[in-house]
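Undergrad: Residue numbers (this note's numbering), protein chains in the order written: chain A, 250 to 605; chain B, 250 to 605.
Don't read these hints as lab results, they were simulated from the structure.
This one's a predicted model, so the numbers in the text were calculated from it and none came from an experiment.
A portion of the hints provided could be inaccurate.
Pairs count within a copy or across copies, as identical chains cannot be separated in the list.
Said to hold, decoys possible - Here are the simulated lysine-lysine pairs, DSS-like style, with alpha carbons at most 27 Å apart: (1) K274 to K540; (2) K283 to K597; (3) K567 to K367; (4) K522 to K567; (5) K597 to K541; (6) K269 to K518.
Number of protein chains: 2
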Amino acid sequence: MGKILHYFGAGPAALPFEVKQRIQKDIIEYEDSKLSILELSHRSEYFSNILDRSKTLLRELYAIPDNYQILFMAGGATLQFDAVPLNFSGKAKYASYLDTGFWSRKAGKLAKKYLDVKFVAGLIDHANEICCLSSSEWQVDAQSAYLHVTPNETINGVEFVGVGNVEVPVVADLTSCMLMQNIDVSKFGVLYAATQKSLGIAGLSVVIIRNDLLGGASQITPDLLRYDLHVENNSIVNTIPVFACYVAMLMLLWVKEQGGISVMVEQAKLRSKLLYDAVDSNSKLINNICKKNRSTINVAFTSNYQGVVTGLLDTAEKEGLIGLQGHRRAGGVRASMYNGTSIDAAKKLARLIRLA
Amino acid sequence: MGKILHYFGAGPAALPFEVKQRIQKDIIEYEDSKLSILELSHRSEYFSNILDRSKTLLRELYAIPDNYQILFMAGGATLQFDAVPLNFSGKAKYASYLDTGFWSRKAGKLAKKYLDVKFVAGLIDHANEICCLSSSEWQVDAQSAYLHVTPNETINGVEFVGVGNVEVPVVADLTSCMLMQNIDVSKFGVLYAATQKSLGIAGLSVVIIRNDLLGGASQITPDLLRYDLHVENNSIVNTIPVFACYVAMLMLLWVKEQGGISVMVEQAKLRSKLLYDAVDSNSKLINNICKKNRSTINVAFTSNYQGVVTGLLDTAEKEGLIGLQGHRRAGGVRASMYNGTSIDAAKKLARLIRLA
Chain A
250 MGKILHYFGA GPAALPFEVK QRIQKDIIEY EDSKLSILEL SHRSEYFSNI
300 LDRSKTLLRE LYAIPDNYQI LFMAGGATLQ FDAVPLNFSG KAKYASYLDT
350 GFWSRKAGKL AKKYLDVKFV AGLIDHANEI CCLSSSEWQV DAQSAYLHVT
400 PNETINGVEF VGVGNVEVPV VADLTSCMLM QNIDVSKFGV LYAATQKSLG
450 IAGLSVVIIR NDLLGGASQI TPDLLRYDLH VENNSIVNTI PVFACYVAML
500 MLLWVKEQGG ISVMVEQAKL RSKLLYDAVD SNSKLINNIC KKNRSTINVA
550 FTSNYQGVVT GLLDTAEKEG LIGLQGHRRA GGVRASMYNG TSIDAAKKLA
600 RLIRLA
Chain B
250 MGKILHYFGA GPAALPFEVK QRIQKDIIEY EDSKLSILEL SHRSEYFSNI
300 LDRSKTLLRE LYAIPDNYQI LFMAGGATLQ FDAVPLNFSG KAKYASYLDT
350 GFWSRKAGKL AKKYLDVKFV AGLIDHANEI CCLSSSEWQV DAQSAYLHVT
400 PNETINGVEF VGVGNVEVPV VADLTSCMLM QNIDVSKFGV LYAATQKSLG
450 IAGLSVVIIR NDLLGGASQI TPDLLRYDLH VENNSIVNTI PVFACYVAML
500 MLLWVKEQGG ISVMVEQAKL RSKLLYDAVD SNSKLINNIC KKNRSTINVA
550 FTSNYQGVVT GLLDTAEKEG LIGLQGHRRA GGVRASMYNG TSIDAAKKLA
600 RLIRLA
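One chain only, chain A, in its complex shape:
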């Protein structure tokens, strides 16, 4: 392996080095199972312990109340974009989707196959700055089975924390902010996250659902998308992605060892502040998100000066800072900093941003 490298990719995300070392060991033999973690049966006691431990850790880290179930499901967030409406549409006709950017719109668009979707404005333009409306300003139709929200939008780097008191159950896509935001679970009906950002690798999602919201699935819901079936079978409806569950457990353990979610939140604030301060200090660079809604996780910016963005990306790559290209729909620069990103990486990048 060459020089030290810092990875700012949007996901699959950087993993802590010690987690990779632990995985490397378990590829040959997991605990005393005499099997590789890759060979472990989803019906073995070893795996049952992995699932139980993951649930206990997540319940502890987020103080998840007893009336919520924790599920592990194959597939990523886009599959949940269909699963969420399918699990409500057996009983419900309407759903609301808070529009805060690309991902929340995509979620709403997919839900239209099953429900009448009403988009709720979530952003406002304040003197050339984009801000999130506060939850008291959301116009939510009371007939909605739920309000879907995306607390962190990765493409433009927009974030809001907390949902206040909404009349209908709130469903949140935490894919890009899981374990990186302080969340009061009791304010939500359903929380879901694909695991490839803060919980390991791609191909798995975690779903947290309040008991009273189970049982509303439409008859056309594929078995592997049914929340109730996952509750009944302790997430083992078929051969679950064993390895992805195991990596999620390691990430949960790692977060606990680091001091829990409040520590993760502080580090995200620290890393992103280093970058935003550098962007704001450089008159050639633009970030037009208002300060209170700048994402602490995905820092996106661009420039109207020719060559500045490509120059910065080139210099960064030479210094071992990679994965910084903006999303293909947005261009510019984007630094995605999940829990595996060190403060040191942010410092190095901040220095280059100041010099750009």
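Fit chain B to the known structure of chain A by using the hints.
TA: Structure of chain B alone, referenced to chain A:
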């Protein structure tokens, strides 16, 4: 790690040791990417090469004609049980399912949500032996959009090879016999397989589909279950399970290095013959599948003598042969021998079966 161990689990299955070693190396850095294989972006050139290479290898190994697409999709076979009918039900009303056991019945049962399903008898009782009907005896309704078949049933160990000439497109679940049966792809409309048996780890499926069968998806099909969308996006509809795709590539490479599918088929025949000969030589053991339809992959048997099954399982475990418990629905003994299982493992087990 303790003494040499032989694993006969039904899946996730045993992986060749050299494949595990290669994975172990790539956990820290994949090629010259400076990233772990676990961190690699699904939109990177490295991953694009993994997908291309996997497709080329599979196309070569099975001589897949140009008018078939190869797709990689998140989730296992149970998700495909819903995906198959959903991808036909936009245009079709009827489907036929060949009943050869638990898995084919389950596939048909799930399809009933979307189509009118007709079960076709696939098994017959011949003087206390269970046999598969030959394809010329299948009673397939010509109105069916497709006939679904399961060439290898893992629970009772029933296998048939080849489908002859069926009037409607044949859809086959190859999850448990992928890369272990000689198959003339041109006789099929769709072939699919979850990857945790012969193609690596759980959480991914490979789908091979003839071009003219694309475009029939019903409006209610979740995006991540649409075959046409996967074709349009070269399988990257969202963040695909990168690591599972990489392990599938390693398994395809490994099969090619071993000499290709014909070698895999011969080894499966050899391993299973060792076991069936031992079972037949022991009057205390029962396997009631007729010889031509005994699975070369999953060898299942039981005993009417008290203590024989548990005695054999205990002895086997002491000798390092594990994962031999029959399926929880069938009981008895089951040896699942996918491509990662050595001839030596089968020899050791055959010796114990003779002594049981």
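Undergrad: Run every hint past the structure and note whether it holds.
TA: Checked hints:
Within a single copy, K274 and K540 get their C-alpha atoms no closer than 43 Å, and across copies no closer than 43 Å, so neither meets the 27 Å cut-off. In this assembly of identical chains, K283 and K597 lie within 27 Å of each other by CA distance solely across copies; the values are 18 Å between and 43 Å within a copy. Proximity of K567 to K367 under the C-alpha cut-off of 27 Å is found in neither arrangement, the shortest distances being 47 Å within a copy and 62 Å between copies. When the C-alpha separation of K522 and K567 is checked against a cutoff of 27 Å, the pair qualifies only within one copy, where the shortest distance is 24 Å, while the shortest distance between copies is 59 Å.
In this assembly of identical chains, the alpha carbons of K597 and K541 lie at most 27 Å apart only when taken from the same copy (24 Å versus 67 Å across copies). With identical chains, the CA atoms of K269 and K518 are at most 27 Å apart within one copy only, with a shortest distance of 25 Å there and 39 Å across copies.
Hint check: violations occur at hints 1, 3; the rest are consistent with the structure.
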